[in-house]
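> Sequence:
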Amino acid sequence: MSPALRCYRCGERYEGATRVRCECGEPLWFETDATEFAWADRRERDGVWRYDPLLPIDRPAGLARAAGGTPLVRSEGLDAAAGCRVYVKDEGEHPTGAYKDRGSAVAVPRATAAGDGAVGTVSYGNMAMSTAAHAASLGRECAVLVPDDISSVRLELIGQYEPTIVRVDGDYGALYGDALELSATLPVRFLVSDDPARISGYKTALFEICEAFALDAPDVPDAPDVPDAPDAIVLPTSSGGFASGIWRGIRDLEAAGLLDDPPRLHLVQTAASDPITRAFDAGETDPTPLGPDETGETIAHSIGNPDPPSGGRALAAVRDTGGAVVSVTDDELRAAKRRFAVDGGFCVEPASAASLAGATRLSERGEIAVDDAVVLVPTGTGFKELGAGDASVSTERASRAALPERLASLLGAR
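Every number in the working numbering is 5 more than the matching position in the sequence shown, counting from 1.
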């Protein structure tokens, strides 16, 4: 039997698990009984399925590769830039290069198991690729709604999984609501950004982080200064879905008695479109949608959401954990993207660089201390976004005959 859905805000409970939003307007998530959950040796289960007692579906047959299980590594080279002790949870290691695979790994098979003939999504980036890839691995039809002016590069990335791609002319931001209506009238389940099954998948990132700290897993050095849980997690945010999943995971582990001092959840937005930051600074419960004259262009397009559907829940998550929300500029994103590469060895997309740029801001404001253990979460790989950072690359030239002398002089000068 499918678990019930519950509204985090008003507490309304729904059986049947077909809804996405409560009558009060807020997004729903699955009820979870985590009281008996414990860290255990589940080597026969990989990725998100290590935590299947807390998921709304068992692992299906046919998935080509498990989502989850991304590395958590200590990155001392980033300490100076972030102003704290940095750990990096690199979500770009997923099959399609982004954290969205956690949500799709749970949401796509759950939709097909429920009898939906096809799945779909509203996205022209990571969520589109992830949904299409998981549908393909299960042999299911997939429909992707994209804006009419989508770039050819993005079309190619999404199209490699051969979904039905529909270029929609009109207000693309309104398609979230349209997709929910289409799910009710057509034999297709649109898995929007805050679909409850997606949120269940996203919470496994929090489980992996806390399990690694609690058990001194191989990726976390066994040293006296490693705490039982991180002091803070810094996360780029757009719709608020990933933040909702992290908060849901925190609440599950608290109920299980595995998390006495939960990490502060800090969210980072692009200054070009930051309704959640504005609402946080104003002390508001819900963000106010931004109009066209209140937003701008940004290299972090994947987090430039003027009307986040889970914005209120993201704000609740931040306040419940004692965190904060900050915005960063494109210049800060470019600098952080470079620091990730040069000081940490990570290739991250501009939106992912927001985690480091945000940590820097929070440290400067005194909200992150120099001895805090802070997990930065780059949400997607940079290999799909080449060209969005620094445009110039410095090179040197040398003849083959002069190469030894030239190389020696160059390396000695650095």
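Mixed in with the good hints there might be a few duds.
[Unchecked claim] 20 Å max Cα-Cα, derived EDC-like pairs, lysine to aspartate or glutamate:
{"no.": "1", "residue 1": "Lys389", "residue 2": "Glu186"}
{"no.": "2", "residue 1": "Lys389", "residue 2": "Glu302"}
{"no.": "3", "residue 1": "Lys389", "residue 2": "Asp38"}
{"no.": "4", "residue 1": "Lys389", "residue 2": "Glu161"}
{"no.": "5", "residue 1": "Lys389", "residue 2": "Glu36"}
{"no.": "6", "residue 1": "Lys389", "residue 2": "Asp325"}
If you're looking for bench data, these hints aren't it; they were derived computationally from the structure.
> Hints first: check each against the structure and report whether it holds.
Outcome of the hint check:
{"no.": "1", "hint": "Lys389 / Glu186", "in the structure": "32 Å, violated"}
{"no.": "2", "hint": "Lys389 / Glu302", "in the structure": "19 Å, holds"}
{"no.": "3", "hint": "Lys389 / Asp38", "in the structure": "38 Å, violated"}
{"no.": "4", "hint": "Lys389 / Glu161", "in the structure": "11 Å, holds"}
{"no.": "5", "hint": "Lys389 / Glu36", "in the structure": "35 Å, violated"}
{"no.": "6", "hint": "Lys389 / Asp325", "in the structure": "34 Å, violated"}
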